[in-house]
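Enquirer: Please build the complete structure, drawing on both the sequences and the hints.
Residue-level listing of the chains:
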Amino acid sequence: MKSVLITDPAHPAAEAVIRRLEAEGYRVFSGGDFSSREGVHASIARTGPVDALIISGHRGDVQLLSQGDVSRIVRAGQANIMEAFYAVRHYAALMAQRGSGVILFLSSAHAAKPTGANPAYAISQSALEMFMKEVALDYGHAGVRANLIRLGPMEEEAAEFDSLLSPADYEAASKSPIGRRSTAQDAAGMAAFLLSPEAAGINGAALDVDGGLYFHYLDRDFAFRKEEDLP
Amino acid sequence: MIQKRIDHYAEAFLREAERLPSGSREPLLKGRRAIVTGGGKGIGKGITLRLAAAGADVLICGCGNMEMAEETAQEARSLGVRAKAFCADLAREDAADRIVQEAARFLGGVDILVSNAAYQPNLDLQDYTPERFEKVLQINLWSPVRLVSACVPYLRQSGHGRIILISSIHGKRPSGFDIAYATSKGGIQMLMREAALELRRDEITVNAILPGGTHVEFKSGETFQMPHKRVKREREYERAFGTGSPSDSGNLAVFLASDMASYITGTSIRVDGGIVLF
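Chains as they are written, first to last, in this note's numbering: chain A, 66 to 296; chain B, 26 to 303.
These are computed hints drawn from the structure, not numbers from a lab. Think of the CB as a built atom: it goes at the ideal place given N, C-alpha and C, for glycine as much as any other residue. Treat each hint with caution, since some may be false.
With beta-carbon atoms standing in for the labels, derived distance ranges [to be verified]:
hint : chain 1 : residue 1 : chain 2 : residue 2 : range
1    : A       : 110       : B       : 178       : 46 to 52 Å
2    : B       : 226       : A       : 238       : 24 to 30 Å
3    : A       : 229       : B       : 178       : 18 to 24 Å
4    : A       : 238       : B       : 302       : 36 to 42 Å
5    : B       : 302       : A       : 84        : 43 to 49 Å
6    : B       : 228       : A       : 98        : 22 to 28 Å
7    : B       : 96        : A       : 224       : 49 to 55 Å
8    : B       : 149       : A       : 230       : 35 to 41 Å
9    : B       : 225       : A       : 96        : 37 to 43 Å
Expert: Below is the structure:
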């Protein structure tokens, strides 16, 4: 039986990924302390080497760079990056010893698109995208692949990306070319594919799973929300 | 050699300034007040001297080699501007506030922030301790976040607010040189976009410069040698595409800081001679 560890099961997309992988026969481990050496050592003692590692760190802080306490932005962003550092550094070494493994970052469209609301989240996801690419470059020769999913605005998601500065996520369903927001099932399907042998040639990719929303999010309803607002 | 090239660019730029549409004969950035972190050496020195040649007063922030920072400040002053070297360790959380307070005291405000200082140990993932990895992030990513935040009140007052973040081509494409450095530069790309989005309403522009291989001469006359297993491949690239000078990034910084670039924000520009096309 193949095994997978997902670092943070609390996110709706992570929950769907867990259900999907369990249905496909994976032994799924979830959660753990990835904020210290001791924490990741305890995780490895619990899980042993795994076939796949899914990084799902979604800490954020809803405040702008020019307002509030910048230290909160730093703490949230740093936690997302360092969690990935601890988990990948230790589990990738085990995968390389075995000559196979898949590392997947369950990330967000906001790894490439600014939020105007939650810079801690976007900055850390953008940083993790480069982290993923370096891992893909360095560990590909050892049979370990790394990729990242940029999931678009979700039906299930809270309003932590509501922004007075950016219309990107506003009425996303009507602006998306496919006429709906992204779903947790979209993420689960992509994750299952990327973990499968069919994706053996995909390494170092950041894949948009957003229905094409950000191709042209500006050209629909925003900023004239009502007929009477039209010039 | 490098100094001659900088002087050449400085003279050319001042000649160009004489042909501005406004007819102004003043240097492009006359009276503007700039912070340049890591401005005493390497790419930072090139930026400092180009800003100074364009008329900007400069606070040079250094840490490891204050002697070079002092010498660069002296070179800048010889160009007719105010310049001062200031010691601040960007690994410390209070560095950003100290720098901005010093800029307010010495320069009387801030019009241009150039976040350039960086730390690059050139290690693989397995060779990084958590502490070293965190230090790279603190200097290369979180100190720019803190600097941007601390500078905003002054940049709002400026009317010409400019933030220029020095990233790297390693923030766009993996290189295998240094995973922490690349991670931090990937974060800088989004800091640039978030800040550009947020500060657009204040008429503050935010852009990133992505230098490629840059030829840097130290006091000893030695050039930078990358102590890494992939150095041979990098040298092959450099033979194909050449190596930039610090003033290449400096020239772009002057343009982005000028009124000519007032409608350019939220973008990153490579200064790499096309090396990523290789």
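Enquirer: Would you mind marking each hint as holding or not holding in the structure?
Expert: Status of the hints after comparison with the structure:
1. A:110 <-> B:178: 46 to 52 Å: holds, 50 Å
2. B:226 <-> A:238: 24 to 30 Å: holds, 27 Å
3. A:229 <-> B:178: 18 to 24 Å: holds, 20 Å
4. A:238 <-> B:302: 36 to 42 Å: holds, 39 Å
5. B:302 <-> A:84: 43 to 49 Å: holds, 44 Å
6. B:228 <-> A:98: 22 to 28 Å: Since the Cβ atoms of residue 228 (chain B) and residue 98 (chain A) sit about 45 Å apart, the hinted range of 22 to 28 Å is violated.
7. B:96 <-> A:224: 49 to 55 Å: Roughly 53 Å apart at Cβ, these two residues keep to the hinted range, so it holds.
8. B:149 <-> A:230: 35 to 41 Å: Holds: the Cβ-Cβ distance is about 39 Å, inside 35 to 41 Å.
9. B:225 <-> A:96: 37 to 43 Å: holds, 40 Å
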